[in-house]
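**Student:** Residues per chain are reported as follows:
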Amino acid sequence: MKTLIAALAAALGLAAGALPPAASRAGDWQETLQEARGQTVYFHAWGGDERTNAFLAWLGGRLETGQGVTLRQVKLSDTAEAVARVVAEKAAGRDEGGAVDLIWINGPNFAAMKAQGLLQGPFVADLPNARWLDLSPGSANTVDFTVPVEGLESPWRLAKFVFTYDTARIGAPPARMADWPDWAAAHPGRITHPDPSNFMGATFLKQALIELAPAGTDLSVPPGDDSYGAATAPLWQWYEALRPHLWRDGTAFPANEFAQRQLLNDGEVDLAMSFDPASAAAAIRDGLLPDTVRVHVPAPGSIGNVSFVAIPYNAAHAAGARVVANALLDPQVQAHMQDIDVLGSFSVLDPARLDEAGQAAFAALPQDPALPALEDLGAVLPEPDPAWMTRLTADWQQRYAR
Amino acid sequence: MSLLLEGLTVLDGTGAALFAPLDLCVAPGEVASITGPSGVGKSTLLAAVGGHLAPDFRLRGRVLLEGRDMAGLPPERRGIGVLFQEAVLFPHLSVADNLAFGLTPRIRGRAARRAAVAQALEQAGLGGMGPRDPATLSGGQRARAALMRTLLAEPRAVLLDEPFSGLDPARREGIRAFVLATIREAGIPALLVTHDREDAVAAAGPVVALG
Amino acid sequence: MRSGRLLRIAAGAVLVLGLVLPVLAGLGQSLAAAFGHFPALGARGPDLSAWRALLAEPGLARAAALSLWTGLAATLLSLGVALGAVAALQGGPGLGRAGRMLAPVLAAPHAAMAIGLAFVLAPSGWIARGLAPLLGWDRPPDVATVGDPLGLALILGLAVKELPFLLAMAVAGLGQIPVAAHMAAGRSLGYGRAAIWLRILLPQLWPLIRLPVLVVLAFSVSVVDMAQILGPSTPPTLSVLVARLFSDPDPRAILPASAGGIMQLVLTGVAAALVLGGARLAGLRTRAALRRGRRMAGADRALGLPLALLAGLAGLAALALAAILLWSVTFAWRWPDPFPARLSAGAWQDAGRWGATALGTLGIAAACAAMALAAAVAWLEGADRLGRPQGDRWMTAALYLPLLLPQLSFLIGLAGMTLSLPLPPLAAVIWGHWLFVLPYVFIALAGPWRALDPRLARSAAALGAGPARRLWRVKLPVLAAPLALAAAIGFAVSVAQYLPTLLLGGGRIATLTTEAVALASGADRRVAAVHAVLQAALPWAGFLAALSLPALLHRNRRALRGAA
Chain A
1 MKTLIAALAA
11 ALGLAAGALP
21 PAASRAGDWQ
31 ETLQEARGQT
41 VYFHAWGGDE
51 RTNAFLAWLG
61 GRLETGQGVT
71 LRQVKLSDTA
81 EAVARVVAEK
91 AAGRDEGGAV
101 DLIWINGPNF
111 AAMKAQGLLQ
121 GPFVADLPNA
131 RWLDLSPGSA
141 NTVDFTVPVE
151 GLESPWRLAK
161 FVFTYDTARI
171 GAPPARMADW
181 PDWAAAHPGR
191 ITHPDPSNFM
201 GATFLKQALI
211 ELAPAGTDLS
221 VPPGDDSYGA
231 ATAPLWQWYE
241 ALRPHLWRDG
251 TAFPANEFAQ
261 RQLLNDGEVD
271 LAMSFDPASA
281 AAAIRDGLLP
291 DTVRVHVPAP
301 GSIGNVSFVA
311 IPYNAAHAAG
321 ARVVANALLD
331 PQVQAHMQDI
341 DVLGSFSVLD
351 PARLDEAGQA
361 AFAALPQDPA
371 LPALEDLGAV
381 LPEPDPAWMT
391 RLTADWQQRY
401 AR
Chain B
1 MSLLLEGLTV
11 LDGTGAALFA
21 PLDLCVAPGE
31 VASITGPSGV
41 GKSTLLAAVG
51 GHLAPDFRLR
61 GRVLLEGRDM
71 AGLPPERRGI
81 GVLFQEAVLF
91 PHLSVADNLA
101 FGLTPRIRGR
111 AARRAAVAQA
121 LEQAGLGGMG
131 PRDPATLSGG
141 QRARAALMRT
151 LLAEPRAVLL
161 DEPFSGLDPA
171 RREGIRAFVL
181 ATIREAGIPA
191 LLVTHDREDA
201 VAAAGPVVAL
211 G
Chain C
1 MRSGRLLRIA
11 AGAVLVLGLV
21 LPVLAGLGQS
31 LAAAFGHFPA
41 LGARGPDLSA
51 WRALLAEPGL
61 ARAAALSLWT
71 GLAATLLSLG
81 VALGAVAALQ
91 GGPGLGRAGR
101 MLAPVLAAPH
111 AAMAIGLAFV
121 LAPSGWIARG
131 LAPLLGWDRP
141 PDVATVGDPL
151 GLALILGLAV
161 KELPFLLAMA
171 VAGLGQIPVA
181 AHMAAGRSLG
191 YGRAAIWLRI
201 LLPQLWPLIR
211 LPVLVVLAFS
221 VSVVDMAQIL
231 GPSTPPTLSV
241 LVARLFSDPD
251 PRAILPASAG
261 GIMQLVLTGV
271 AAALVLGGAR
281 LAGLRTRAAL
291 RRGRRMAGAD
301 RALGLPLALL
311 AGLAGLAALA
321 LAAILLWSVT
331 FAWRWPDPFP
341 ARLSAGAWQD
351 AGRWGATALG
361 TLGIAAACAA
371 MALAAAVAWL
381 EGADRLGRPQ
391 GDRWMTAALY
401 LPLLLPQLSF
411 LIGLAGMTLS
421 LPLPPLAAVI
431 WGHWLFVLPY
441 VFIALAGPWR
451 ALDPRLARSA
461 AALGAGPARR
471 LWRVKLPVLA
481 APLALAAAIG
491 FAVSVAQYLP
501 TLLLGGGRIA
511 TLTTEAVALA
521 SGADRRVAAV
531 HAVLQAALPW
541 AGFLAALSLP
551 ALLHRNRRAL
561 RGAA
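Residue numbers (UniProt numbering), protein chains in the order written: chain A, 1 to 402; chain B, 1 to 211; chain C, 1 to 564.
It is worth saying that the hints were derived from the structure and are not from the lab.
Hints are not guaranteed to be accurate.
Chain B stretches covered by chain C per the calculated footprint, using a threshold of three residues with CB under 8 angstroms from any CB of chain C [as the list claims (entries may be wrong)]:
{"no.": "1", "segment": "32 to 41"}
{"no.": "2", "segment": "65 to 76"}
{"no.": "3", "segment": "124 to 137"}
{"no.": "4", "segment": "146 to 160"}
Glycine included, each C-beta is placed from N, C-alpha and C at the ideal position.
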């Protein structure tokens, strides 16, 4: 009997995990909108950046009037807090009515939630605004730190690793990471990086790893003990040479990129780093950096990735969460987000797929001297497999945090 | 209509009696005096009659008011007024409101109650002082206000706990005369605790020496 | 009598079921988890895996040593300055003036003070900017003055914050000692001021302030918010390390976190033993010195030192509060400018950023203060009606429980328990705050309540007023000032809470304190400053209201004015 029903279901395209037929999607979306109306979506998103918070507040206003969805940002100091919450809820058997509706998520946190089956979906292809995205295999929107997205998280902003430095006090960093120890020695105590237990600090090590690892190292697969040792030996050698010249003699590190940006603004260091090429221009306008700060990208390019939002399996307001994810992909919202006066985050939409209204919205955005042109940003280097970051961070902790 | 104490004494926590059992009958309009050195338990005796005894103490004997045994009755249902040394007016209420707090609920209607308070103030020589802060009255004025507050509750007996000892000696006699006269006029029995012989003489009722 | 018993049973049930049992259950849960028993996570100990995981944390030994050292040093520093200042100033107008001067510091939450101090002390901070032109620094010195490996900035921050509290406790304790008489007697025997303090008055004062000192000690050893802002980071203090473990994405990290909470408890116990043992030893030595009869004539000059330290710490506090105020209206303020280059009301104008949080904080604090006040009044009134004005000793002891245990040691267990309870996060947070609010409200109210002239209630009873009318029409109005002050204290305690919000709110409840601490990690000093100012302004407003409300209510009642 069960086999028969399964066969029937398969024939009708209702088998678990199968995408519903395209024709029914519009109707489904109407249902989603209806269900979402009146819901309050708890969006667990890292709250350390004022402009992001303000942008999400703006989006909340738009959703409230447009779709009747209330957006409540739960400001995290670390995304892991939201993941821990969902994990704990599952452990406690709370499979419905979970506290987390939507998470701003990336990399290891996504990998962990996906592996433990803590996410809803696939849902991305069903979002009406997904038509503006490049979702072809291999595009930045389909891979999150080498982990296939498989429709379990929806992109919303593009991140690319860049350095910012104060031209009033220091020259541009070297074109290659290999030359950093000499450069740092010439500017003792003026260079630092965020603590590698933080994402930005780990990215600094990964950027160096990509440039310094012996030729032929495959960083897109998890490292084995041997391959890890061989790949990272030049990195640690390089770091040993660099560390003594760092701020506080390399014994203390800013907690995150924003703490380091504050040090740059306070004149305690001359360098900061960011995953947002527009952040320097934005910070200058906001009074958070001197107007002599400029952006630098290493010659071989820099690590880039996309920020996603995902919906936990037990979200209390999943329909509302899908509406928020869709609104984040609205060309008007994306253009607003890329506006240097708003957030200045580069859009995840594919310009080639935009309609005229969408293209016009992006064309109207203002310019700025501290804002790099797209061609200055260089190549996008793929993120290594998350296991590299986990091991690098732990290794660094072991070596230097005692 | 009288206050009757039968074999009354107070036992402390260890079960020891504070003073020898006391028999006393106070007629309406009469003021009985209880004298004795300080610490002998005069105030505790008053607390026992009024129902204010702390739980560490136990009462032995009977208190009868108008033939009714007061045993087990909380103080607010005994109908026994208390007048303390320093008068103890409520500091957060005006003089008139202090009197209104005491005024029996049997008098109804805002105008009637206000008139009753005004008349009592008049009678005590405090006319026009109703809105005053009690803290601004003299000791004698406070004592008279407290007496009027007590009488407005229409008690069936009054306990006087050294009410004159804190007063200015020059005015003391006048106030004592006023209080005693007013109580006699009200026609209720009263117990006066004092260590001043002159008070007992002025009260002109039975005198019991404790201790 | 019956109403008294009912009231007392109800109040007692609230205290036992709402405070004592949960604290003990939280502690028990932490203890079980520390020894590997947490069935919801599939851990069915007992085993030592949690302890092994905790001990494997990088820098754990140093973190534990840091917690002990910073907590002890901060407590001893603030206690020493407070006692020294009282000894030097008692009897003159200076003591009252110092108390009034430090009142805003007492009311300002730890996080707000820490955010201000972090800027004042930083190598690029206010003090360094003042020194830069004198010393010719063109760049900030590369020296850790905040987050230094020895935790000196944290010690300073804790001392600044605890000093006014210990000073207030010492002044209150002195009220119970015949200071003037003993001073006169001692002087007539040829002893100087310092000698009399050390040998005669301090031994009498110490038992009266021992409990508050232990509360300060437990708090200082286990503080998280201030340690996150001013303390070292690699490794941090044990409390910060444990709080980080708690928010690890791996849910099983709650096991080593629980072990860390138990370790906190042990550390606090060790610290308390050291302080009590030290005090005992000092007492014996004082006794021995006293018998030798030396007059210590030169010792009076040493009283200048605590006064100088008092002035220094008060100056730091004033700078810190000025710093958050100034930063909240700053647009750009860079090294080496002593004052902002450009001002802007932008951070304040963005009310959407802080308005809801401020309102939420206000609501939580008001609810906590009201609930704590109701519980305290019910307990005290119940005691009155049963004729037991002293209350029960076990009750006072139980109330101190949440203050004497390190917060983490039982809050981690409670957080683990609330996961499986259908308690809404807002309710959980209010209750978590109430655990710490009630003791302060009760202690603040119990004194004035028991000191109330019992003849007031007796007069009212003799006039026919029943227990309810005596309570509402006489006692509560007469006690309006202490009631308002107790409520304001409870309100301030709630506004300052960090860990209960963080651990019991599941990330869904943000207060000014959690926001301020999150923002202090570096996002935007101006927005952090706005939160810090609001965080300090709420308690100040509470105290102002508490002082002015009874004054307004009783403006024509001389006996009740200025009772607070």
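**Student:** Honestly, which of those hints from before does the structure not fit?
**Tutor:** 1
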